[in-house]
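Asker: Sequence:
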Amino acid sequence: MIDNITARLRYCSSLPTIPGIAMRIIDLANQPEVNMTQISDYVSMDPALSAKFLKVARSPLYMTRRTATNVRQAISLMGTHASIMIALSFSLVHSMRIQKDKEQRHLELFWRRSLIAALAARALGEKLGYKKLDDLFLAGLLQDVGVLAFDALMPEAYETISRRALTHDDLLQAERKTFGAGHDEVGYWLLKHWKLPDYLALSCLAYHSLSHEKDAMSRMTACVAVAGHIADHFLHPGDPQVKRVATQTALECLDMNEASFGTVLDAVAARMPEAEELFDIRLLNPVEIDAIMKEARDLQTLRQLSKDLELERGALRDGLTGAYNRNYLDNVLQREFELASRNTWPLSLAMIDLDHLKNINDLYGHQVGDAILVAIVQKVQSQIRPDDIFARYIGESFVLVMPGASREHAHKVLGRLLESIGNLEHAHDRGTPIKITVSIGAATHMDGGTTFERAEEMIGATEAALLQAKHNGRNRISLWQGH
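Plus 512 on top of the position in the sequence shown (first one is 1) and you've got this note's numbering.
Treat the hints with caution; some may be incorrect.
[What the hints assert, rightly or not] The list that follows gives simulated cross-link-like pairs (lysine-lysine, DSS-like), each with its CA atoms no further than 25 Å apart:
#: 1; residue 1: Lys-924; residue 2: Lys-982
#: 2; residue 1: Lys-755; residue 2: Lys-891
#: 3; residue 1: Lys-924; residue 2: Lys-947
#: 4; residue 1: Lys-639; residue 2: Lys-755
These are computed hints drawn from the structure, not numbers from a lab. All values reported here derive from a predicted model rather than from experimental measurement.
Construct all of the structure, not just a fragment, from the sequences and the given hints.
Answerer: So, in structure tokens, the structure goes:
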């Protein structure tokens with residue numbers, strides 16, 4: 513970076529700054545040994561941060577088997593390192609948005625891209641088995657922070673070039689031409705100035721180093737770089753070049769195949785509603801998400817299923833749909849039921865049944881019916897948490913096991929599934945597409961005073977709720993009310 517830009521950054525009074533609580537959390541992040549008490553003490557000093565922290569601990573993004581009722585429990589469930597990264601994500605975003613969002617709507621795209629990139633980095637890490645997913649989330653969130661610094665240095669000039677730039681690459685080239693440096697270098701300097709860990713500062717350079725430093729990049733840096741391209745794909749869904757670059761970089765830099773990349777896009781889209789609520793920002797409208805998910809589903813044919821699914825299929829998976837099979841369901845339900853009973857944490861169970869499958873098979877043939885079952889399974893699997901278990905029960909009936917999910921949370925999740933499945937239409941060669949609906953019955957153990965003696969009783973209650981949903985007209989959810 514040229515010297516005059518560095519000097520201006522050092523003495524810029526309007527440069528984004530870190531609030532006191534975030535500074536203390538950064539100090540903890542740089543300490544080799546840190547304990548839960550230190551983190552909870554710092555987080556608890558900020559009521560707004562405490563509320564956000566508890567909310568994210570209970571969300572599908574991070575939810576474990578137990579529900580946290582205070583900051584200390586949340587940190588205990590998520591671990592010290594993950595807690596530091598999550599707290600930093602919220603405190604930094606909150607402080608920077610307060611400082612920079614005053615009547616500056618041109619920064620809206622910056623925040624949308626940052627949060628989508630964060631979700632994408634986390635989803636990529638999850639798919640690749642990376643352990644520190646929250647590091648990836650924060651790195652994706654901060655990779656373009658140099659944009660905020662430029663906007664503080666020369667707001668009028670920067671607003672002009674940012675409005676003219678059609679793509680992220682256009683913006684970088686305009687910055688270098690106008691100011692002699694790009695937001696990648698400025699962001700790297702800023703995060704080093706804040707004394708954040710080096711790997712977070714390097715994330716600012718990742719996206720723009722991808723074309724000529726692929727072999728030298730770490731796995732984490734590559735995830736962050738690819739996440740930036742995924743964000744571009746979501747923000748410019750109609751641009752085939754952007755889509756091609758996003759797919760190609762994932763395949764080349766992370767050794768992914770097209771099916772695996774499609775599951776990552778599904779995961780990002782599925783987590784957007786929760787992220788929008790947590791960070792108080794609108795990312796995309798439903799029409800844009802549906803268009804991108806249609807493209808992602810095109811990548812996920814049965815012949816392109818990734819190798820890890822193929823390895824599981826023989827013993828654990830249903831041969832047609834790819835959901836877990838009945839034997840696996842019986843074993844895992846018994847295990848989760850015993851864990852919930854012993855530890856007094858909630859367990860929710862739902863039975864999902866395709867409406868009128870017999871009529872579909874009679875009218876259009878069993879191949880069409882089978883294809884619809886596969887589509888439903890793919891839709892559900894793209895929206896549930898990693899800890900949830902989705903299995904084929906019998907015929908057109910499936911069971912969703914949700915460890916740690918309260919009755920209220922389960923109802924919210926099932927409502928989203930009912931709506932998203934209801935938006936599915938199956939095209940065929942005999943006229944109007946087939947509208948797909950399901951009926952859902954659900955029961956919860958160890959919540960609101962409701963308990964069951966045995967897992968079999970819980971299954972029975974769930975079946976009874978399903979029958980009630982069908983009796984009431986189908987395409988609805990019925991919750992078991994007890995006796």
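Asker: Against each hint, give a clear statement of whether it holds in the structure.
Answerer: Here's how the hints hold up against the structure:
no.: 1; hint: Lys-924 <-> Lys-982; in the structure: holds (20 Å)
no.: 2; hint: Lys-755 <-> Lys-891; in the structure: holds (22 Å)
no.: 3; hint: Lys-924 <-> Lys-947; in the structure: holds (23 Å)
no.: 4; hint: Lys-639 <-> Lys-755; in the structure: holds (19 Å)
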